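Asker: Chain by chain, the residues:
Protein chains: 2
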Amino acid sequence: MAKQQSGNDDDKGITVKKEDDMAEWYGQVVTKSEIADYSPVRGCMIIRPLGYAVWEKIQQEFNKVLKNKGVKNAYFPLFIPESFFRKEAEHAEGFAPEVAWIENKDEGGERLAVRPTSETIMYDSYSRWIRSWRDLPVLINQWANVCRWETSDCKIFLRSREFLWQEGHNVFETEDECEKDVWNWINEYKKLAESLLAVPMIVGKKTEKEKFAGAVYTTTIEGFMPDGKSLQCGTSHHLGQGFAKSFSISFLGKDEKMHTPWQDSWGFSTRLIGAMIMMHGDNKGLVLPPKVAQNRIVIVPILFKDTKKKVLDACHSLLKELKEHDPVLDDREEYSAGWKFSEWELKGVPLRIELGPKDLEKKQAVLVRRDTGDKIVIKLPDVRKRAKEVLDSIQEDLLHKAKRFMDESIVRVTDWDAFMSATGLSAKKLVLAPFCGEEECEDWIKDKTKGVTARAIKDDEKMDKGARCIHCGKDARFWVYFARAY
Amino acid sequence: MAKQQSGNDDDKGITVKKEDDMAEWYGQVVTKSEIADYSPVRGCMIIRPLGYAVWEKIQQEFNKVLKNKGVKNAYFPLFIPESFFRKEAEHAEGFAPEVAWIENKDEGGERLAVRPTSETIMYDSYSRWIRSWRDLPVLINQWANVCRWETSDCKIFLRSREFLWQEGHNVFETEDECEKDVWNWINEYKKLAESLLAVPMIVGKKTEKEKFAGAVYTTTIEGFMPDGKSLQCGTSHHLGQGFAKSFSISFLGKDEKMHTPWQDSWGFSTRLIGAMIMMHGDNKGLVLPPKVAQNRIVIVPILFKDTKKKVLDACHSLLKELKEHDPVLDDREEYSAGWKFSEWELKGVPLRIELGPKDLEKKQAVLVRRDTGDKIVIKLPDVRKRAKEVLDSIQEDLLHKAKRFMDESIVRVTDWDAFMSATGLSAKKLVLAPFCGEEECEDWIKDKTKGVTARAIKDDEKMDKGARCIHCGKDARFWVYFARAY
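Sequences listed follow chains G and P, in order. Those letters in the first sequence? Residues 37 to 522, by my numbering. Those letters in the second sequence? Residues 37 to 522, by my numbering.
Just chain G, with the same shape it has in the complex (with noise of 0.2 Å):
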């Protein structure tokens, strides 16, 4: 993410096809919209107004799930010791590479990291509040930033030195109340994904090798995008008691006798707002979801001397009407209405509201959706009743045109020269393959295929007996899903 000029009048529009270049579609929507901005600090994003209330929209919508299960937030200190990260062997391998540390040392000369998760700074404080059975469960969230210093290339949302995530944090008496924990996060990450920002996505168990670092097995939610890779949105892992022991957490059971306890972490991160942009965003710009979009309408006043007047008192009216949907009315005068028309599309704002004096004296308005671009002439009295059903189905029609997409994008092969066309650069598919689970043999597909990657364990299909292996012809032990990934 190198530092850029924002967008100026200059250049408002989108200069290049999201079919052609994506990634440079991707860019110039991104800061054209206003929806975020490059930083000064390489790999750090500028996240404005228009993408922040995204954002919040999935705060609020999630803190309702959370409260409903219990869940509570908190917050955890941003700088970790480093004698914490090393107690999980794994963890510590896992991160090691991409934690950024402070110069400034703790009191008794410790270094200190910039939190690039917080299992071990929690956990630490968990081994101190849990000491008995009637301590659990500890069902904790948080709601922070953290830091993973990439080398690689940086994108807005997708890839950044610094994030804002939530990560939850739970500990069970048992094993079975572990696991059921772990795969209603995964499945709860689902359900938002696709209802607010209607984006589908394929719930599963990581393989061994894509796994957390720390995990007994992790599972994931992955969104497939537009240009043919696949993006990991959220993941929930089952921590076993690897943690537990490592932090000392122990708790007295009801049989007086003490145990260890069983862990998971859950999180999803700004990321999913790369993937609604990445989703759904056209040639024109960004394309809102009405569920995470800031303004869900936009009132564009006809305006002509003799009748500015009445209809910007109609358009008044019509603000107070649809208030529920936190409209605005674009009443400058220095811009034409094409002009108008062009930004808020750029925007992504659901639906657009064209008023002029014509159509006031025939007492219509004029929707025009913003993902169809169809019009719909309606009548002044049935706006709110009108309005709320179109912005209903645009909600919906996005999914469905999404669900479609990954539907029709998922292949199924069962030989390698198969599998190696189905996950060429230019194929652009999901590709489900019989697969060994090796680590080793997942290494020989990534290099063989420059860079396809097992994104997910397909759960709900057992695989037939004598299946083989797509790469290594051994027996095969589950379907996965194979792709690109961001």
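Hints are computed from structural coordinates only; laboratory data are not their basis. Just so you know, not all the hints are guaranteed correct.
Pairs involving identical chains hold if they fit within one copy or between any two copies, as the list cannot separate such chains.
[Claimed, not checked] SDA-like, lysine to any residue: derived pairs with alpha carbons at most 20 Å apart:
{"#": "1", "residue 1": "Lys-465", "residue 2": "Asp-453"}
{"#": "2", "residue 1": "Lys-103", "residue 2": "Leu-355"}
{"#": "3", "residue 1": "Lys-421", "residue 2": "Glu-360"}
{"#": "4", "residue 1": "Lys-103", "residue 2": "Glu-360"}
{"#": "5", "residue 1": "Lys-421", "residue 2": "Val-402"}
Just so it is clear, the structure is predicted and the values come from calculations on it, not from any experiment.
Once you've looked at the hints, dock chain P against the given chain G.
Answerer: Chain P only, in chain G's frame:
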């Protein structure tokens, strides 16, 4: 903030009196109520769910105020290039001693700071975003963590190396708009502190010595704590055009000429929670004002074998009926009612409802106020109405009591001997005195009194002609509140 053991069953209660040793009392209340905890990293804090819920209530309320004023939330990077700090000389000098730096360098090898405040990183973007009068005003707020590497003693919520806050950064065409905005926010802060946290505030300008590094002037809200110390709880700075010039922010005016805009910045932090704890807490623990309590009511059933089912059924009905107050039902059977009373008092729940078999026979319940300990017998059909009334009274009475304390703490002095005795450690007074405004004179006062500082200028009272500075005897410019401070 040294690492300390969390409370366990053996030392549940507060073992020191607030009036005897407020520092020790505060530490015990904070950790034993589980509103927050010490972090293994010196100077950092863990905000536990009980405390984070208070912060969320503050955020919800203030987000409404922001929206009402057209301010939008955004998010800027945690890391700030060193060169940005250097651009505004006074700002750089003011913050240099407490900045934490990271080891990882930016692309060009530049050092990166962990933000202590975001003027510099935000105004760099503003310089790219603002082109014309059409782009003004810019009204942006961010909720974020900030880091100030304190070397003096840290105290949870009051002074810590990392804390949470909001920082608003507005830009205007004219100085007049800007100054109005500066005062608007400091008055909104006073309203918020008083209406939500029931902590009364004095509003005024800071003296030259105490103003924000880089500001033309700073306004402040100051609370006065029961141990006789003043606590700065929020500030709003008139930044003039200094930062705009340093960061080359300019705009094309309606007159087609280039102009430099006017800026302000304003913030309050999790310190407000500390003010609330100190102001209302007592020797039984925390006292939460109802408006910021996660659970405003706790229902404690009086359980006997024969009548258990009946009583619990009645309690569950109460739970439903009082839903708007997020009540908790403490139906644990392994603890006595008395033990539960103490625990919920420690945690500061504003209202307790006791319900036993005899109450049920009489169709009544007992309400117990956390703030006064008053018991109120009510008829069960009235519970909803009465609970609301009592909670409203608690909120009001906490503020009235705190206001009375503040009013009684203010003394007015006009000669040095009276000043010295009123600012003495045991006097616990907020001392109003005529002052010349000179930095050197203020240094002398601090030195001679071993720590007394100018907290705020009393803006609503003109200085009599001929009045003399309390210390140097030169012309007094204004009345100033002096006190020791956190």
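Asker: Each hint should be assessed against the structure and marked as holding or not.
Answerer: Hints, verified against the model:
For the homomeric pair Lys-465 and Asp-453, the shortest alpha-carbon distance inside one copy (14 Å) is at most 20 Å, but the shortest distance between copies (85 Å) is not. In this homomeric assembly, Lys-103 and Leu-355 come within 20 Å of each other (Cα to Cα) only across copies, at 16 Å, whereas the closest approach inside a single copy is 33 Å. Taking the shortest alpha-carbon separations for Lys-421 and Glu-360, only the intra-copy value of 12 Å comes in at or below 20 Å, while the best inter-copy value is 30 Å. With identical chains, the CA atoms of Lys-103 and Glu-360 are at most 20 Å apart between copies only, with a shortest distance of 14 Å across copies and 24 Å within one.
Taking CA atoms no more than 20 Å apart as the test, Lys-421 paired with Val-402 passes inside one copy only; the shortest distance there is 14 Å, against 48 Å between copies.
In this structure, every one of the numbered hints holds.
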